[in-house]
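*Asks:* Residues per chain, in single letters:
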Amino acid sequence: MLPIPKKFFVTSGKAVSKISDLNAFDEALLNAGIGEQNLVSVSSILPIGIQQVKRRELPMGAITHTVLAQQRGGEGEMISAGIAFGFRDDGQGGYVAEGHIHGTGKALREILEWKMGEMAKLRGIRFKKLDFKIEEVSIPMDHYGACLGALAFVF
Amino acid sequence: MLPIPKKFFVTSGKAVSKISDLNAFDEALLNAGIGEQNLVSVSSILPIGIQQVKRRELPMGAITHTVLAQQRGGEGEMISAGIAFGFRDDGQGGYVAEGHIHGTGKALREILEWKMGEMAKLRGIRFKKLDFKIEEVSIPMDHYGACLGALAFVF
Amino acid sequence: MLPIPKKFFVTSGKAVSKISDLNAFDEALLNAGIGEQNLVSVSSILPIGIQQVKRRELPMGAITHTVLAQQRGGEGEMISAGIAFGFRDDGQGGYVAEGHIHGTGKALREILEWKMGEMAKLRGIRFKKLDFKIEEVSIPMDHYGACLGALAFVF
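Chains as they are written, first to last, in the numbering used here: chain A, 1 to 155; chain B, 1001 to 1155; chain C, 2001 to 2155.
Bear in mind the hints are in silico, worked out from the structure with no lab data behind them.
Model, not experiment: these values are computed from the prediction.
Even for Gly, the Cβ is constructed at its ideal location relative to N, Cα and C.
Don't take every hint at face value.
Calculated cross-link-like contacts (lysine-lysine; reagent style BS3-like; alpha-carbon spacing at most 25 Å) [as the list claims (entries may be wrong)]:
| id | chain 1 | residue 1 | chain 2 | residue 2 |
| --- | --- | --- | --- | --- |
| 1 | B | K1006 | C | K2006 |
| 2 | C | K2018 | B | K1121 |
| 3 | A | K18 | C | K2006 |
| 4 | B | K1007 | A | K6 |
What follows is a list of derived Cβ distance ranges for each label pair [said to hold, decoys possible]:
| id | chain 1 | residue 1 | chain 2 | residue 2 | range |
| --- | --- | --- | --- | --- | --- |
| 5 | C | D2089 | A | H102 | 36 to 42 Å |
| 6 | C | E2057 | A | K6 | 30 to 36 Å |
| 7 | C | D2089 | A | D90 | 50 to 56 Å |
| 8 | B | F1155 | C | D2090 | 36 to 42 Å |
Negatives, chain B to chain C, calculated, CB over 12 Å [unchecked claim]:
| id | residue |
| --- | --- |
| 9 | F1009 |
| 10 | S1017 |
| 11 | K1054 |
| 12 | L1058 |
| 13 | Q1092 |
| 14 | G1103 |
| 15 | L1130 |
| 16 | F1132 |
Work the whole structure out from these sequences, hints included.
*Replies:* Structural data, given as structure tokens:
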């Protein structure tokens, strides 16, 4: 039997750092509440019957399957990262899209809408509605920046 | 106890799209029967005693450990992606190689044969035989393309 | 319940090859004792109460969550890869940093120390001590090279 997630939450985070973009990314993960877990990247399907729960504290070091969108950047840059997700209106699960750009969160939202639209067209389905979790950072001088959006499967 | 896969299947898919290479890749995954799963990439060992099964429908959203070779491209390009796999003739499991090129499936097959040969030499073993699962796409004008070969562990 | 690792070991390996950097990397993995497993990359947290064990032989093909740092290179190059890890002095688990450079192991060690220091500062914690597992290769003419440091969760 393959494991099928039963619950997920969405979260996001952002940070700037004078030290490094890795440092900013680490802080953005802590910010998002997933900085103390062993993250495993997965592609992006919502199983039938899965439920969205509130962001919760996860056990330290737990192996956590996550759809993660991240963007890092340098001084003066505008960066965005995030996810879109939606359930099929026929009750047969749903889909997640991830995106990250050097650009605004507004632009990223359009890109994610478009990606979700294409996934729906390809499968001949419709979404009940689309939800988004996007972060944007305008990185100040003398700083690095990072932002991320994530969907974590918490079983 | 670490999980050890007991069954696997191989599959492949390809698609072209007027929209984007992501769209073509998504369709190629659906084509291959693994477009509705949460894929986790793994390196490429066949455990002792594992059995190959026919491609089967997997539950939507199942977390599926997969050796995945993919190639995307633009108009006019020739792309190929695929895997080779073989069992040791001493019964001690087997190996998977993955490859993806801007080139023909025939060329990729040679590359994969060579990779498998090197894995065998390094370990001082021989394969019973080699199997391949390769897709090739000659991408038409005004299209993007994607192809993939995969070996999915289905426990 | 999310899986939480209870045991880990650290290991490293290196190799040079006349054939390819992939070949060198494959040999370095065998060298490190993790060349016959299905490796899944994870980010880098040591759960509370986890224990370090001696490097042990893992079952062939076992799905093994691993923090892996690797570097490959060509003739004449100096390459290094490795990890640093440390437990918090408050008993609340620990962290792993990974790094890989075209440079010496000594330089990499400084980088890893610095990365661990930043993780500590960000969280306002201290480490009991830092441990390192670093490999360096000075690649001879007519060879490729690869080296790696890894922390494998063995449950």
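*Asks:* Decide, hint by hint, whether the structure agrees.
*Replies:* Results of checking the hints against the structure:
Proposed proximity of K1006/B and K2006/C is supported: the alpha carbons are some 24 Å apart, at most 25 Å. At roughly 13 Å between alpha-carbon atoms, K2018/C and K1121/B fall within 25 Å of each other, so this suggested pair holds. In summary, the hint linking K18/A to K2006/C is not supported, as the alpha carbons are separated by about 35 Å, beyond the 25 Å threshold. Our distance criterion of 25 Å between C-alpha atoms is met by K1007/B and K6/A, whose separation comes to about 24 Å.
About 40 Å separates the C-beta atoms of D2089/C and H102/A, a value consistent with the hinted range of 36 to 42 Å. Look at E2057/C against K6/A: about 35 Å separates their beta carbons, and that is inside 30 to 36 Å. Distance hint for D2089/C and D90/A: a CB-CB separation of about 54 Å, consistent with the stated range 50 to 56 Å. Separated by about 39 Å at the C-beta atoms, F1155/B and D2090/C satisfy the suggested range of 36 to 42 Å.
The Cβ of F1009/B lies farther than 12 Å from every Cβ of chain C, with a closest approach of about 15 Å, so its non-interface assignment holds. Residue placement check: S1017/B keeps its beta carbon more than 12 Å from all beta carbons of chain C (closest about 29 Å). With a closest Cβ-Cβ approach of about 20 Å to chain C, K1054/B is found to remain outside the 12 Å limit, as its non-interface label requires. Remark: the non-interface label on L1058/B is consistent with the geometry, its nearest Cβ contact in chain C lying 17 Å away (cut-off 12 Å).
In this structure Q1092/B is not separated from chain C by more than 12 Å, as the shortest Cβ-Cβ distance comes to only about 7 Å. Non-interface call for G1103/B relative to chain C: holds, since the shortest CB-CB distance, roughly 17 Å, exceeds 12 Å. With a closest Cβ-Cβ approach of about 17 Å to chain C, L1130/B is found to remain outside the 12 Å limit, as its non-interface label requires. At roughly 18 Å, the least C-beta separation between F1132/B and chain C is larger than 12 Å, which holds for a residue marked as non-interface.
In terms of the numbered hints stated before, the structure departs from hints 3 and 13, listed from lowest to highest.
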